[in-house]
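Residues per chain are reported as follows:
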Amino acid sequence: MAAGFKTAEPLEYHRSFLKEQCRSDGRELSEFRVTTLNIGSISTADGSALVKLGNTTVICGIKAELSNPTVEAPGKGYMVPNVDLPPLCSSRFRPGPPGEQAQAASQFIADIIESSEIIKTEDLCIERGKLCWVLYCDLLCLDHDGNLLDACVIALLAALQNTQLPEVTVSADTSLPEVNFEKKRGLKIHRHPVASSFGVFDKSIVIVDPTAEEESLLTSQLTVVTDEEERLCSMHKPGGSSLSGEKLQEVIGRAVVRQREVQILIGKVLQSVKTPQ
Amino acid sequence: MIAMEVRKSSDVSLREFGCEQNLLSRPDGSASFVQGDTSVLAGMYGPAEVKVSKEIYDRATLEVLIQPKVGLPSVRERSLEQCVRETCEASLLSFLYPRSSLTLILQVVHDDGSLLSCLLNGACMALMDAGLPMSCLFCGVTCAINADGEIITDPTAAQEKQCRAILTFAIDSTDRKVMMSSTRGSFSVHELQECIAVCQKASEKLFKFYRDSVQRRYSKTV
Chain A
1 MAAGFKTAEP LEYHRSFLKE QCRSDGRELS EFRVTTLNIG SISTADGSAL VKLGNTTVIC
61 GIKAELSNPT VEAPGKGYMV PNVDLPPLCS SRFRPGPPGE QAQAASQFIA DIIESSEIIK
121 TEDLCIERGK LCWVLYCDLL CLDHDGNLLD ACVIALLAAL QNTQLPEVTV SADTSLPEVN
181 FEKKRGLKIH RHPVASSFGV FDKSIVIVDP TAEEESLLTS QLTVVTDEEE RLCSMHKPGG
241 SSLSGEKLQE VIGRAVVRQR EVQILIGKVL QSVKTPQ
Chain B
1 MIAMEVRKSS DVSLREFGCE QNLLSRPDGS ASFVQGDTSV LAGMYGPAEV KVSKEIYDRA
61 TLEVLIQPKV GLPSVRERSL EQCVRETCEA SLLSFLYPRS SLTLILQVVH DDGSLLSCLL
121 NGACMALMDA GLPMSCLFCG VTCAINADGE IITDPTAAQE KQCRAILTFA IDSTDRKVMM
181 SSTRGSFSVH ELQECIAVCQ KASEKLFKFY RDSVQRRYSK TV
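Listed in order, the protein sequences are those of chains A and B.
Mapping of the first sequence onto UniProt numbering: position 174 corresponds to residue 174, and the numbering continues sequentially without gaps.
Mapping of the second sequence onto UniProt numbering: position 111 corresponds to residue 111, and the numbering continues sequentially without gaps.
Treat the hints with care, as some may be off.
List time: in silico DSSO-like cross-link candidates among lysine-lysine, alpha-carbon distance up to 27 Å [what the hints assert, rightly or not]:
| hint | chain 1 | residue 1 | chain 2 | residue 2 |
| --- | --- | --- | --- | --- |
| 1 | B | K177 | A | K19 |
| 2 | A | K6 | A | K19 |
| 3 | A | K63 | A | K183 |
| 4 | A | K203 | B | K201 |
| 5 | A | K203 | B | K177 |
| 6 | A | K76 | B | K161 |
| 7 | A | K203 | B | K54 |
| 8 | A | K274 | A | K188 |
| 9 | A | K247 | B | K205 |
| 10 | B | K161 | A | K247 |
| 11 | B | K177 | A | K247 |
| 12 | A | K183 | A | K268 |
| 13 | B | K54 | A | K120 |
| 14 | A | K19 | A | K247 |
| 15 | A | K268 | A | K120 |
| 16 | A | K76 | A | K188 |
| 17 | B | K54 | A | K6 |
| 18 | B | K161 | A | K130 |
| 19 | A | K183 | A | K120 |
| 20 | A | K130 | A | K188 |
What follows is a list of derived Cβ distance ranges for each label pair [claimed, not checked]:
| hint | chain 1 | residue 1 | chain 2 | residue 2 | range |
| --- | --- | --- | --- | --- | --- |
| 21 | A | K274 | B | I56 | 43 to 53 Å |
| 22 | B | R164 | A | V170 | 48 to 58 Å |
| 23 | A | G4 | B | S53 | 26 to 36 Å |
| 24 | A | S67 | B | R211 | 46 to 56 Å |
In case anyone wonders, no lab produced these hints; they're calculated from the structure.
For every residue, glycine included, the Cβ atom is placed at its ideal position computed from N, Cα and C.
One chain only, chain A, in its complex shape (with noise of 0.2 Å):
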């Protein structure tokens, strides 16, 4: 009977687990789902990470290439990422050129690198004006349940923190680049951003992590990204109904945890990959 007052009425239904202060799932309004991650998983790339954000799953893949520089900075390498929704993740998307919700997060997780520096686009460079490394993150969304930019920026995070690099020599008398397979080098992470989404029902009660069904009766969405100096990196709310001040301190206090959450459990993981070696 609940399943039939789900399908005809599910803004009712909704409504009916809010009033407890809960939701459908079970979780408390400011709770998130499950994070699990896995790294390492793909041995083709220089990094790669996996994240399951209660259904939602997001792999990252990191592969470096080496480039010339850009005129604009010479002294710099750069980062491309891309955010990838084929159909397998939900029958919302269909084949073809990437549409609207791929590009838009593609270039929000391009904004965060920038914003964020979550790594000095320096170290990247190898000579300047000459060479320097480029780093393509793939981003493939296999399981769409809502929450999309959160899963995408744990992965980008946790991805970069497990890339390594070959080192690279300029020879002197051929001037040509030399890539040493045998000496890797980790990436130098300078800060931790996460994301931490949140969606408002009914332009008043405030819920953590919207899952795919609740994404779509949300009257507005917003993402904040903090690092781990409290810092803000983003706030990213694409319209929808107005947020107050006093929310807006709430959401911003829930983010400030829950990247402390993400970054211990990032450690945690890290380490567990590193000590059988």
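Go by the hints and put chain B onto chain A.
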């Protein structure tokens, strides 16, 4: 008294802005919005026929297209479109036009900083010119935090390059609350609150301008 880490500019200053409505003959509503040197042209078609694949049974389908000055729309334009579309959808009474389409096209004529706020203002003026029912008006304000911690409202492209953070907010006319927020660069929570307060103050000027321009347009001179 808590010492403030951010020095406010003494007066909220916006560049000279202007607007012209109903300048195009084909769209149902059109407007041109100019902020300093940044200029945007908006055209609104609707309510009109919608493709069956895109129709929503109880609301109008709003589509926003942003055309850059040079080249084809890229990933950056898609992200701006998402911001403008969701802001317009929150203020339009789209349930009055089920199974219809509303198309808003924004053409960037010149970009000299604060582009997203100029796009939002142009969009609102075009929606008003088309006569679409809205629950509230909205305006866009951009502010930038420079290296000294000073807040500059409505920055030019040159000012934006030197700043460490750029924040754009869409403020609604009824409660002066934040409808949309898009930020670049990093900043503290205190700086965010300062910027929101500054943008809310700046939005007063814009809303007064909206009211004056509509009053001028529809009042009959004897």
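Next pair to validate is A/K268 with A/K120; report whether the Cα-Cα distance is within 27 Å. holds, 24 Å
Do the beta carbons of B/R164 and A/V170 sit within 48 to 58 Å of each other? 33 Å Cβ-Cβ, so the 48 to 58 Å window is violated.
Would the pair A/K203 and B/K177 pass a check requiring their Cα atoms to be no farther apart than 27 Å? Measuring from Cα to Cα gives roughly 12 Å; hence the hint holds.
Per the hint of 26 to 36 Å, is the separation of the Cβ atoms of A/G4 and B/S53 within bounds? The hint (26 to 36 Å, Cβ to Cβ) holds, given that A/G4 and B/S53 are roughly 28 Å apart.
Tell me if the straight-line CA distance from B/K177 to A/K247 falls inside 27 Å. Given that 27 Å is the threshold and the Cα spacing comes to 11 Å, the pair holds.
Whether the CB-CB distance between A/S67 and B/R211 falls inside 46 to 56 Å: holds, 53 Å
Would the pair A/K183 and A/K120 pass a check requiring their Cα atoms to be no farther apart than 27 Å? holds, 21 Å
Would you mind confirming whether the straight-line C-alpha gap from A/K76 to A/K188 stays at or under 27 Å? The hint holds at about 15 Å.
Does A/K188 lie within 27 Å of A/K130 when you go C-alpha to C-alpha? The given pair, whose Cα atoms are some 22 Å apart, holds under the 27 Å limit.
Between the alpha carbons of B/K161 and A/K130, is the straight-line distance 27 Å or under? Cα-Cα ~25 Å, so holds.
Checking one constraint from the list: CA of A/K19 to CA of A/K247, max 27 Å. Satisfied? holds, 18 Å
Pair hint outcome, B/K161 versus A/K247 [Cα-Cα no greater than 27 Å]: Not satisfied, since the Cα-Cα distance of roughly 31 Å exceeds 27 Å.
Consistency note: the structure conflicts with the earlier hints numbered 10, 13 and 22.
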